[in-house]
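Chains as they are written, first to last, in my numbering: chain S, 1 to 370; chain F, 1 to 370; chain G, 1 to 404; chain H, 1 to 404.
None of these hints come from the bench; they were simulated from the model. Please read these numbers as outputs of a predicted model, since none were measured by experiment. All C-beta atoms in this analysis are idealised placements derived from N, C-alpha and C, irrespective of residue type, glycine included. Accuracy of the hints is not assured; some may be wrong.
Examples of chain G residues lying across from chain H (beta carbon under 10 Å, computed) [to be verified]: (1) Gly72; (2) His85; (3) Ser214; (4) Ala229.
Next come the chains, spelled out residue by residue.
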Amino acid sequence: MKGMHGIIFSYEKPTGLRELTDHRVHGSVPFAGDYRVVDFMLSNMVNAGVTDVGVIMHGKCQSMLDHLGTGKSWDLSRKNGGLTLLPAFAYAERRQSAGQFRGKMEALGCVKEYLEHIRQDHVVLADSDIVINIPLQDVLRDHLASGADLTAVCTAQLGDSADTYFKLDETGRIVDTVRDIHTPEGYRCLNIFILTKELLLRLVEDCMAHNQYSLRGGVLQRLGDQLHIHAWIWNGYAARIDTIQAYYERSMELLNPEIRGELFCPERPIFGKENDAPSSYVDPSGECVNTLMADGCDIQGAVKNSILFRGVQVEPGASVEGCILCKGTVVKKNAIVRNVITDKYVTIRENGTLMGHETYPLVIARGAEV
Amino acid sequence: MKGMHGIIFSYEKPTGLRELTDHRVHGSVPFAGDYRVVDFMLSNMVNAGVTDVGVIMHGKCQSMLDHLGTGKSWDLSRKNGGLTLLPAFAYAERRQSAGQFRGKMEALGCVKEYLEHIRQDHVVLADSDIVINIPLQDVLRDHLASGADLTAVCTAQLGDSADTYFKLDETGRIVDTVRDIHTPEGYRCLNIFILTKELLLRLVEDCMAHNQYSLRGGVLQRLGDQLHIHAWIWNGYAARIDTIQAYYERSMELLNPEIRGELFCPERPIFGKENDAPSSYVDPSGECVNTLMADGCDIQGAVKNSILFRGVQVEPGASVEGCILCKGTVVKKNAIVRNVITDKYVTIRENGTLMGHETYPLVIARGAEV
Amino acid sequence: MKKECVAMLLAGGQGSRLYVLTGDMAKPAVPFGGKFRIIDFPLSNCTNSGIDTVGVLTQYRPLELNSYIGNGQPWELDRMDGGVHILPPYQSATGATWFKGTANAIYQNIGFVDLYDPDYVAVLSGDHIYKMDYSDMLRRHKEAGAACTISVMEVPWSEASRFGIMNVDGEDNITEFAEKPKEPKSNLASMGIYIFTWQKLRQYLIEDEADPDSANDFGKNIIPKMLDAGERMVAYRFEGYWKDVGTLDSLWDANMDMLLPGSGLNLLDKSWPIYGRTPVCPPTFVGPKADVGNSAVAKGCTINGEVKNSVLSTETSVGKGAAVTYSVVMPGAVIEDGAQVSYAIIGEKCRIGRGAVVGGPPEAAADPEQWGITVLGPHTVVKPGEKVAPKTMLDKHHNEEVEA
Amino acid sequence: MKKECVAMLLAGGQGSRLYVLTGDMAKPAVPFGGKFRIIDFPLSNCTNSGIDTVGVLTQYRPLELNSYIGNGQPWELDRMDGGVHILPPYQSATGATWFKGTANAIYQNIGFVDLYDPDYVAVLSGDHIYKMDYSDMLRRHKEAGAACTISVMEVPWSEASRFGIMNVDGEDNITEFAEKPKEPKSNLASMGIYIFTWQKLRQYLIEDEADPDSANDFGKNIIPKMLDAGERMVAYRFEGYWKDVGTLDSLWDANMDMLLPGSGLNLLDKSWPIYGRTPVCPPTFVGPKADVGNSAVAKGCTINGEVKNSVLSTETSVGKGAAVTYSVVMPGAVIEDGAQVSYAIIGEKCRIGRGAVVGGPPEAAADPEQWGITVLGPHTVVKPGEKVAPKTMLDKHHNEEVEA
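Kindly produce the complete structure, drawing on both the sequences and the hints.
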């Protein structure tokens with residue numbers, strides 16, 4: 001057993017995140033005041049001792065590229081191994097799909113040479129857009145103990161009908177994989193998989209040979225009988241950020257100390273990108289309650305039930321409630337903002353009023369002045 | 001004057017490099033025993049004090065990405081600035097050109113936001129596929145002194161008719177830019193340009209507004225009357241690596257101490273990627289003459305007039321002459337190789353004979369066993 | 001390899017006057033302003049001024065400083081050529097030699113400086129809080145063709161006798177240097193920041209070292225000798241915030257200044273960023289019943305009580321009903337429910353038990369002369385309900401009182 | 001923060017026996033094998049063995065070592081947590097203390113080791129050339145439940161009396177340790193590489209430090225005391241190449257071994273790479289008239305003469321008609337046209353003038369007893385036509401002869 005290699009899929013998908021994905025893929029959406037969504041999965045891997053991570057890049061990857069940088073923030077800036085960017089679809093002749101991401105197996109097929117050079121025995125595959133703090137070393141240990149070919153992480157918390165669901169037998173083996181079912185039942189797939197490098201290579205070859213693009217269709221369903229696919233059940237916090245509604249709810253949940261304690265447990269720290277912002281400053285006239293606040297904020301107005309990213313300014317007399325304000329947002333004097341999500345560097349004008357609703361928060365696109 | 005920012009264009013182009021560009025763009029072709037072509041332009045920039053370099057990525061960029069890594073080898077691994085990868089055509093909606101690189105101005109238009117955040121006053125634009133050791137700080141100094149809007153580096157050494165040529169007036173101002181002329185005359189453009197950030201942004205906007213994709217057509221020709229475009233003439237070594245013939249000739253020239261001295265002048269070192277190869281070993285039975293040899297080679301046979309990259313093995317009884325052997329090439333016992341270019345990890349079988357000709361060298365694709 | 005200007009940062013002193021806070025730690029590693037450490041200021045000044053080669057001279061426990069500075073990456077001083085280097089004393093062939101004075105520390109590292117063959121050397125102090133563009137001072141030095149340029153600032157005439165005072169002529173050439181003069185002729189105080197032409201300094205260092213009577217100190221020996229020898233020495237007038245935080249009171253003051261609009265020390269100012277190494281921790285949570293005002297708060301805190309006119313460093317927590325006023329709380333300290341902390345410096349990872357009272361306001365002091373800030377060394381535990389009077393210092397290991 | 005095993009590398013010694021080559025430089029920074037420095041071997045062994053936290057103990061001129069090791073990136077020891085740290089001595093509150101013996105050096109850095117709370121500590125030497133998997137030795141240590149595991153190798157019985165010899169029982173438990181015994185009972189020689197259970201070692205270090213009669217040395221004090229106390233101590237048998245390069249002769253020998261097929265020291269072996277920091281330079285050029293045989297050649301050389309049975313380091317040059325045989329040429333040395341160098345170590349940046357003759361073969365020596373290798377210190381200049389006899393040593397600064 002020579003450890004585990006990480007592969008993270010970062011790709012453009014049909015999005016319910018509106019303006020937040022105008023300029024980025026799901027994985028690089030800002031979350032929890034000081035992070036991008038991908039930070040969680042990267043940290044999970046690093047905390048499980050993973051030293052080599054390949055990130056399959058697709059679509060609007062500039063923001064992801066800028067965020068990952070050299071990988072230094074996750075101790076993945078290495079001479080050998082470390083972080084590798086894999087622009088799987090960069091080769092024009094492989095763009096049969098006209099730029100669409102058709103499935104993980106196709107993407108892996110495009111970087112087969114990289115897979116062949118993996119130095120570890122096992123590989124963990126995961127999406128970049130799931131917020132979770134999961135002990136992947138435990139998943140690997142149980143994978144080895146179960147003798148399974150493939151272990152898939154899933155949860156008993158049901159999602160919507162578009163999700164993938166597993167049916168398990170009494171030993172925890174996955175006996176059926178379904179999707180688009182009217183009433184969700186069984187265990188919801190969290191798109192985290194562990195298998196050996198060798199099996200991965202075999203599966204990639206087999207899928208390429210059979211025109212299978214997706215992991216669900218080409219492996220879980222097609223080969224479900226031949227492979228021993230085992231479930232690893234995680235009932236802790238796991239948030240997929242795929243709609244604005246989910247983004248808002250999942251963000252606001254973080255004001256609950258228990259959920260925050262679970263996601264930011266000290267034994268498995270979440271590494272974000274380092275920054276040079278100074279401490280935040282709260283003015284004597286400022287009133288800041290029930291709020292998560294990153295560095296470099298300047299709070300002179302009232303802030304309540306909100307999430308403030310780095311460098312947010314709330315000017316005197318302004319009032320912010322139920323908002324998620326991304327990096328560099330400025331709320332000018334006497335503005336009133338309720339249930340609003342602002343992307344980076346948004347300015348809310350003096351005396352302005354912006355009101356969304358908890359169930360339909362307003363989203364303000366990056367750099368806008370409203 | 002707050003220094004100079006570098007932009008390097010790395011893109012797929014119609015290639016005369018045959019197997020050498022099967023898996024890579026021109027800029028990441030191995031050259032001079034220990035380098036990739038792009039190392040030269042990166043080093044030129046670093047030696048001129050450039051701390052921030054954006055590399056426009058296009059096409060088969062995996063090899064370039066792997067090579068650039070964190071930028072550490074060029075001291076460009078920085079918290080702020082440093083090396084930035086710019087996948088200009090990653091946005092599906094911008095793929096009107098179906099993946100083709102249609103021109104530098106289009107590419108720059110795709111990364112306009114990056115350009116706006118440039119911290120320096122001046123920008124040097126250059127291709128990734130030119131082998132040159134040029135004092136860019138002198139070009140900048142003369143650019144400032146001349147008061148020109150744009151300075152273009154060119155050479156009196158004529159090339160072929162597909163090159164771009166400048167006609168200069170007596171002050172060194174470029175009065176005409178031509179291409180596809182039957183008999184090359186004037187000064188050949190080396191595709192290195194210096195201008196202010198502000199003018200660059202203006203030109204990008206103007207070209208986008210007028211459906212102009214290329215720098216030659218959209219700027220040099222179209223705006224040649226309105227802008228003061230100045231020539232900076234470089235008559236030193238400058239090799240564009242665009243055909244196998246050029247690749248072979250330009251490589252073999254390096255056995256000439258004068259040319260080598262010019263390209264590897266100690267005052268402007270060329271930085272390559274660091275590696276952990278040990279010293280090369282030459283066996284008592286080995287005979288190695290007039291050869292450029294990188295680290296980690298094991299020479300037990302005869303080598304003459306050749307360029308050996310890192311980790312090349314020449315087994316006893318083998319004979320290598322007039323060859324360029326890329327990283328990890330193994331020439332087995334008693335094999336005879338003449339005028340051959342091997343890509344990485346090629347194996348020449350025992351007793352095999354491979355003969356190219358100086359004017360038409362054989363090229364063996366990566367990983368082949370022949 | 002040649003550099004125009006190399007900076008030598010005197011971080012040598014164990015913070016003897018800060019002893020209760022530093023213990024074995026070098027003074028410049030003391031936290032400041034919630035997110036930073038004192039040494040972040042001169043290091044960031046170097047980076048922002050374009051000086052990419054810095055030697056840090058230390059002799060007390062370089063370990064913390066070493067691991068804090070590391071490869072210099074937070075300050076962009078992880079350079080292939082140059083960068084930041086910790087320079088502890090070394091044993092030469094002729095035996096061990098500890099740094100004697102500030103000048104001796106540079107003398108012992110002439111070899112380091114020579115590696116970069118600089119035209120100029122900036123000699124900086126590791127325990128000043130200020131934002132300064134050394135490149136501007138260097139321009140002044142070059143334009144004046146000086147052998148030495150000393151950064152000075154105007155102080156109130158009434159306080160001038162507490163400083164090293166520079167007397168200057170009409171062109172700000174230094175004509176005389178007086179250490180704490182009874183009758184100051186000028187109110188230009190030396191800030192202890194020097195730029196020297198390296199070849200000049202090198203020569204004076206060698207001469208000074210050969211002088212057995214010298215204390216090998218810049219202020220006491222090198223500067224007076226250069227003045228006597230008629231070298232061209234000029235003053236560089238600095239305007240802006242500057243404070244020597246070599247005492248507990250001044251450290252507390254500087255933290256409070258940071259909260260004061262108009263003090264000149266505005267950490268939110270982005271034009272001259274201060275860089276630092278920060279621990280990995282989530283954003284700060286300000287609870288539903290929290291009451292925060294005029295305070296600086298770093299990442300990773302949990303605030304459920306009152307925080308007024310205070311600085312909270314990373315990963316501190318303030319419990320329900322607790323109150324922190326006019327205090328500096330260092331990383332990882334825990335103020336439990338109902339505890340009262342005022343006019344205090346709480347060291348790293350202290351724990352103030354429920355309902356304990358630490359420090360107190362000057363108004364409430366019986367004898368205002370005997371009042372002062374309360375300081376708890378790192379890891380000090382104050383038991384629930386315990387009272388720690390104003391001006392008390394508790395030592396980190398044994399929780400015994402140490403007289404200030 | 002907890003680590004299973006931390007390595008402490010004793011790089012302290014100024015190479016007194018290598019003095020002519022090292023000058024003020026720490027011995028482990030001496031170049032080896034063309035491309036490497038001696039310290040690359042233990043550091044690379046650590047990396048390849050999965051040990052990511054290394055303390056390098058030094059007291060002589062840490063500057064070169066500091067700038068060579070830097071942030072540890074060449075050895076992948078630039079880690080957020082752990083990594084390589086240079087540990088010079090420091091001045092404690094009670095005054096300056098230089099490392100006394102090898103054990104004292106670790107004693108003084110107990111605080112550093114405790115930071116990582118390791119179960120085990122590997123104590124390594126900075127001047128051995130070998131490739132060894134410490135994780136295999138650690139497995140042996142854990143399986144045996146030992147307090148201390150000592151790496152040993154079989155030496156010829158005839159030479160056993162020159163080594164520290166371990167007497168073992170049938171299960172390779174160490175029963176006795178004899179330093180250079182006249183009548184050795186075993187031929188298992190200690191290689192000076194130890195793995196200790198940290199809590200055990202910690203306790204012995206503290207006891208040893210309290211003993212005023214102790215030399216505070218591992219071999220002389222700690223190991224015998226642990227044996228006496230009946231601690232479980234086991235031998236780990238190492239097979240493969242190992243050499244202590246603490247003398248000029250052994251340094252030359254080890255370089256020659258590298259050229260010898262079957263010596264066990266094969267640098268081209270990729271399964272156990274040695275990492276190092278190398279200067280930026282183009283590939284080596286072997287000229288049309290060059291004659292190179294059985295030699296190792298690093299990058300950046302220009303060879304126009306004969307090079308046989310020699311090691312050329314980076315950026316050396318050998319002129320036309322010059323001959324280098326059975327020699328080790330360190331970085332940047334220039335052998336001008338027609339010069340003859342044989343059986344010599346040529347220090348960094350030496351210049352051997354045209355037609356000069358340095359060293360000579362043993363066959364040609366009048367008195368073979370008086371023959372030896374010739375060593376030139378760094379920056380030595382040999383004038384054109386000058387002869388430097390075998391066994392001569394030229395000092396780097398003054399070009400004076402130093403008797404070996």
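Results for each hint:
1. Among the interface hints, the one on Gly72(G) holds; its C-beta lies about 8 Å from the nearest C-beta in chain H, closer than the 10 Å criterion.
2. Below 10 Å, beta-carbon pairs count as interface contacts, and His85(G) has one with chain H at about 6 Å; its hint therefore holds.
3. A cut of 10 Å between beta carbons decides the hint on Ser214(G): the least distance to chain H is about 20 Å, and the hint is violated.
4. Among the interface hints, the one on Ala229(G) is violated; its C-beta lies about 30 Å from the nearest C-beta in chain H, farther than the 10 Å criterion.
Violated hints, listed in ascending order, are 3 and 4; each of the other numbered hints is respected by the structure.
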